[in-house]
Structure formats: C-alpha cells, structure tokens
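The sequence shown runs 128 to 542 under my numbering.
Keep in mind the hints are simulated off the structure, nothing from the lab.
Think of the CB as a built atom: it goes at the ideal place given N, C-alpha and C, for glycine as much as any other residue.
Please note that the accuracy of each hint is not assured.
Claimed, not checked - Pair by pair, the computed Cβ-Cβ distance ranges are:
(1) C445 <-> S174: 18 to 28 Å
(2) S521 <-> G422: 36 to 46 Å
(3) D454 <-> G188: 55 to 65 Å
(4) T350 <-> S281: 44 to 54 Å
(5) F488 <-> T173: 38 to 48 Å
(6) T431 <-> D377: 38 to 48 Å
(7) T440 <-> T173: 38 to 48 Å
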Amino acid sequence: MKKSLLLFVLIFQSFFLFSQDLRVLFIGNSYTAVNDLPSLFQSLATSAGYHVEVASNTPGGATFQQHCNNASATMIAQGGWDYVVLQEQSQLPSFPQTQVEAECFPFATQFNDMIEQHNPCAETVFYMTWGRKYGDPDNGAIFPPLATYEGMDSLLYERYMQMTIDNNAIVAPVGRVWRYLRTNHPEIELYSSDNSHPSLAGSYAAACAFIVAILEINPETITNNSGLPAATAQTIRQAARIVVFDHMSDWFIGERDLEASFSYSNECGFTNSSLNTNSTTQYSWNFGNGDTYSGFEPDYQYTTNGTYHVTLTATDDCGQTSTYEQDMNVTVGINEFADKTIILYPNPASEQLFFNIDPLFNGVIQIIDTKGVVVFQSQYDSENSYIDCSHLSSGLYFVRFLSTAERYNGRFIKQ
C-alpha cells in the first residue's frame, strides 16, 4: 500500500520578482517630452527603491506611422529593453473609426511586432493620453464627439484599450487618472496654458501611472514630490493607486507575469499549476525537510509527521522569478489509492490516441511534454475514448488522468 498525507494549509505566500535594473524606452511626442516624463518616472522609481534606465524619442506631433521610419525603429532594434512605451499623436486615436483603423492601429501593431522581434523579453506599454480640457472644437465641427472633453477622452480610452488588446500588451491609463482627478479634485490643474499639454501635476500623474504599470507597486510608496506641494503630490499618488494599482487586471498589468503555484491532494501528491510558463522555465522545489527537487513536478511522499514549509520557485529565460510557498501540517497515513497505469494505443500515435478508463472517472486529462509543459488539458468526457494528438510535434509525451481520488499515468510517442 501507499502512504498518503492528511494536509492542512496554514498560510501561503506568492510573490513575483524581477531585476530592479530595468531599461525603459519612451516613444511619443510632446505629451511625453513636456516636463521630461521619462526622467520624472525615473526619479519616482528611484524614490521607491528601483533603479531604472530610461531613453526616449519624442519629436513634436509624431505619429506611430512616422515613428516606424525614424530613430525610434533604430532604438528598438538595438534590443535590450524591458519595456517600450508607445504614445500616439494626441488627437489621432480619437478620430473616426475608419481613419483610426487606417492611420493608427496598423502602425501600433507594426511597432509591437518590431518590439517583439528585437526584444523578446520586453513588454509593450501603451500610454493612454487624455482629452483636451475643452475638447477639440476644430475637429469637433466635423466629428461631434470631439467637441467636448468627455467625448474626446472616452474615444481615447476606447482606442488605447483596443490597441492594448489587439497587441497583447499592457496600458498605462493616464487619461483615466486625469479623469478621476478632474472629477474629484478639480483644484489640481493638470493642463498647461494651452489646455492640451500637461502641467507638472499632469506629468506627475502620468509618471505615477507608469510606476504601477511597469513596477507593479503601490504609487503611495513614492517619496519624491518632484517640486509639487506635498498635499498635491499625495493626492495624485492616491488617485493613481485607486485607478491603476487597485485595478491592475483592468489594464492587463501583470497578466503575463510568471506565477509559480502548486496544489496538493492526499491521493495525487503535488500538482504544478504555475502560470505563464514555457518550455524553458526551470522549477526548484524545497519540501521543508532538507529534500529538494529540480523539475516540473515531483513524485514525492513524506515519511514523518510534522509541519513543512514547501517552496516552489519558477524561473524563466528572461530572468523573471516567482516563488510560491505553503506551510503544511502533515500526518502520514495509509491511502488505498495508488497511481495506476493506463494503456494507450496506438503507440506511437500520429492522429488519435485511444485509451480505456472507467467511464465513471471524473477528472481532467493532461498531456505533458519532456520539458514539463502541459501542452493539452481537457475535462474527461465519457463519450470520447481518444485524444486528438495531431497538433503535437513529434516526440515523447506523458499522459495523466487526474481526479481528487486517483491518478492514471501513461506515456506515448507522437510520430
């Protein structure tokens, strides 16, 4: 018989780490250049304990289309960036949909493709700007939604969110922070005298939004007021916390971060449930009793009662590290369940892989490659007795049928 565990989770902690030496490239125009937003962001990051290197290309009025053929393309091709911030010309994304689809969206995608090609570990960050203080009345005569701040700002929000979704990116919602401040703290002047470009307070609000988008930290940890009255700076930091930090998933911030995680059941042992991994992700387990394991998923059983602090650390090829921990009270007992072997055929397989299993089985089917990556997962359907494996590359694979009560294991070769 096989020993099993009565397990009680006492506490857990999960955290994500990355190098504090970050390189951030800002590409935009005067909305980025005024008040030197990149340097302002850098100084706020320093006050929060982060070392950030910044660079920028911000010719006045430049569009994404123009940037694709100027020094910005060269700077991206140099590689080595952790984040690339993209700010479109301030009016263009608010124009009629057909014009935006022709003159904005394709070049946002071209930029993002360029970033991914030369900086495979970088994240694209779209800089959501704001509506002009009194809208854009000249263009509003042609396209009425632009005649007011609210109309222009709403369109900018919609178009930047669309670019973010289309390009699997993240967004720094500066315009939403501005709207919150305009609504709740109208005494803070965010605009310069032209009612378009940012004042120092407006740029400070933008920098606070980027602190959250890039560093993923609470902006209220910033200690640098950047020449603003302390109360004003504090109010702006609080706004960035409410709008951005408290709702990071709304802006896709951290959605693609490496996240170590595991679960445990008495019958089936440890299950690696880490997110945003790939075939090069490395795993290190510490079972809290001096035993360790390097690999995707251990087949490990405790032999002694006690409390064990179990740690799983995942590291990807971009240097990101995530650690997940659980403190567990373990009582060693006897378990009637044991891992079972399942027959898979034909083996090798090319199109369909058949199996025989109790039709009352209630669980999931997983196919795992030799790197430990789950390449297929599906809820078991008693009406189907095969797995479509035609999409898999040639090689050795492990198959697991997993439920809370039992686990079947097998392996096959894909031709």
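Tested hints:
Judged by the Cβ atoms, the range 18 to 28 Å given for C445 and S174 holds: they are separated by roughly 26 Å. Look at S521 against G422: about 22 Å separates their beta carbons, and that is not inside 36 to 46 Å. The given range of 55 to 65 Å is respected by D454 and G188, whose C-beta atoms sit roughly 57 Å from each other. Between T350 and S281 the beta carbons are some 34 Å apart, a value that contradicts the proposed interval 44 to 54 Å.
Taken as a hint, the range 38 to 48 Å is violated for the pair F488 and T173, whose Cβ atoms sit roughly 56 Å apart. A beta carbon spacing of about 46 Å between T431 and D377 agrees with the range 38 to 48 Å that was offered as a hint. Our hint of 38 to 48 Å for T440 and T173 is violated, since their Cβ atoms are close to 28 Å apart.
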